[in-house]
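Once you have looked at the hints, place chain B with the ligand on chain A.
Chains as they are written, first to last, in the numbering used here: chain A, 134 to 589; chain B, 11 to 202.
Accuracy of the hints is not assured; some may be wrong.
Straight line, CA to CA, 16 Å or less: simulated EDC-like cross-link-like pairs of lysine to aspartate or glutamate [to be verified]:
(1) B:56 with B:69
(2) B:196 with B:139
(3) B:31 with B:58
(4) A:551 with B:108
(5) B:31 with B:62
(6) A:551 with B:101
By construction, these hints were calculated from the structure, which means they are not laboratory data.
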Amino acid sequence: MTWTDPFRSWRSPTNVPAAFARAAGVLCLTACVATGGGKSETTPIAEGQIVEAGDGSVSPGVVDVTPEGTDSSLYVEPLPLRPIPADIDIGERPSLETDEAGLWMQMDRAERQLATSGKRIRDPELESYITGIVCDLANQYCGDVRVYLVRTPIFNATMAPNGVMQVWSGLLLRAQDEAQLAAVLGHEIAHYLRRHSIKRFRDIRSKLTGLAVFRIAAAVFGVAPVGDVAALGMMGSIQSYSRDHERESDFMGQNLMVESGYDPMAASELWAQLNRERARMEEIDPDKKSPRSVFFASHPPSEEREENLRLRAEAFAQSGVEGRRGREDYIAALGEWREVFLRDELELGEYAQSEALLEILVDSRPEDGALRYFQGELYRARSQDGDADLALAAYAEAAELGYTEAGLYRGWGLTALKNGDNAAGVAALKTYLDLAPEAPDAGMIQFMIGSADATS
Amino acid sequence: MKKIVLSLGLTALLLMAGCAKQFVQVDPSTQQFGPVSFTTAQPWNKVDINADHSMWTVDGLTLNTLELTGNVGKGKRLFGSAKTIKGPQFDPSMSLPEQSEFLLASLRADGLPNAEIFGLEAFRIGEIDAFTVYFGGENEDGLDTLGLAVGFVHDEAFHAIIYRAASEHYYEKLLPEVTGIIESLKSNEVST
Ligand SMILES: [Zn+2]
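Just chain A, same shape as in the assembly (with noise of 0.2 Å):
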């Protein structure tokens, strides 16, 4: 890997006015998926065009560099690219007297409710693996940052005021590796090192009275309840106060992979991933008969996000910025939580989404068994008319490439014999038996298998 001081040969946009480091307010990663979304207006900034900062101030949006072969003219750096710098000091908390260190208080018995959660996926290795990373990317704010992960299976992760972040098991399967969950962590860092969560407190505040603000401060900040869905509609409802930090997260969470080597392209292709499963679901569910996923339904991504990362990451290869990606040991690391979290996923009911997820994985990884096998047992519970046949082709190819879980004999058993292939049905269910002959269904499918034969 090439590592060059990023910064470099960037120009940074002259007098950025102190208040920018101020303004700005939001902290959640859906929050970041609504930024731009249905109400997106903004596209990369032309060259000369005037940037306006979270205070209304302005910057020029110009950058120096131009890629070899790129018209300068239209080369531009989508906003100030410049080192964004931290807003906090390491290790400190608000002073008692401020209305955010009340807010701190608050946060910090939600996280003793979050740490005793049946949410909370206790795993120290996955734990510290993750924790690795986000100390990697806070650097010496490493100690203020503390992770949580958390079993819900939609795309999310937040950041409280106190420095309390959670990671959702829905981001951990639709990262593809390490860079791309990286860039979500870094934004989520960024957003706690700008302090974003006071100004949108505050921003809340002046809009609302009494307990509301409350039921909204916990939503927006993503501890209460832990993992709560309901929370997310709450946090796009006021999601419009928070665009300019969404970007600027964006942006410093993308300085701060490239600090600790992940390659910032990585962040771009994260939303361009989640736009395509958007895309592809809208498709295969055109009338929208399926439940929306609460994630596309209030905070779609946003295409302008994508290609302003996009941008950057060019103009830091251009810098000389090489990065990794961590492919293998992503995998590695999430280990047998992968197929929980794909479990989970089709647990939701949302089989649109689900198909459109499971084809953009499978295009991926298509050497992967394990996504086949999850591939049939979504058409096995989604149950319409050709799902068998899907189910059992899915399941074949799972077996074809190397998957040997017990599990894939139980789903092509039970849906050979719906499909009326006893003799298939019965075979692969006694396969299930013999690889898991003490599976706690046992009893069940000795029933099922007793009930085939007598039926032949």
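For chain B with the ligand alone, coordinates are given in the frame of chain A:
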């Protein structure tokens, strides 16, 4: 009839249903549940969520709950619309093991995010094919929970009786009563 203060979670559920419901005491008796009946041997406190859904408890809903939910038709969810992650939809073509998958996935969406099964068996209630499933996991507050459920399909609709309790003390405490309820299940249809 004795009135009991609602627990927090149920209050929220009832508020969402747009009504104020109260618990009533049910003395030992034979009860109807859709196409079947069962017999209780001790007093319970019951609240009706709607015509097809009731919740029963002895020590409070957070400690032990017997939930009766029936008439879940094609495309419907086991626990209605009050939940954040809604869980899968029922399909009458589901085989018994698939019905148990549906139940377990619904439980995972309904406050037992890491529920796993410990045992799954087929049995019959008269002419009706049914299953029993033992399960456990931590609820969203981190409380270790154990459970036992019965499920079956009748007239293309799913019905379930689901017992959930804190694993410490409360699960064991009512297990004989719940086992008795399951053993007492009878189909209302006279076999021909
Ligand atoms: Zn964000």
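_So if I understand the rule, the pair passes when the alpha-carbon distance is 16 Å or less; does residue 31 (chain B) with residue 58 (chain B) pass?_
With Cα atoms ~7 Å apart, residue 31 (chain B) and residue 58 (chain B) stay inside 16 Å; holds.
*Hinted pair residue 56 (chain B) and residue 69 (chain B), Cα distance within 16 Å*: holds (11 Å)
*Is residue 31 (chain B) close enough to residue 62 (chain B), meaning Cα to Cα at most 16 Å?*
holds (15 Å)
*Going straight from one Cα to the other, do residue 551 (chain A) and residue 108 (chain B) come out at no more than 16 Å?*
holds (11 Å)
*asked:* Can you confirm whether the C-alpha distance between residue 551 (chain A) and residue 101 (chain B) stays at or below 16 Å?
replied: Holds, at roughly 13 Å.
_Pair hint residue 196 (chain B) and residue 139 (chain B), alpha-carbon separation not exceeding 16 Å_ = Given that 16 Å is the threshold and the Cα spacing comes to 12 Å, the pair holds.
When held up to the earlier numbered hints, the structure conflicts with none and fits them all.
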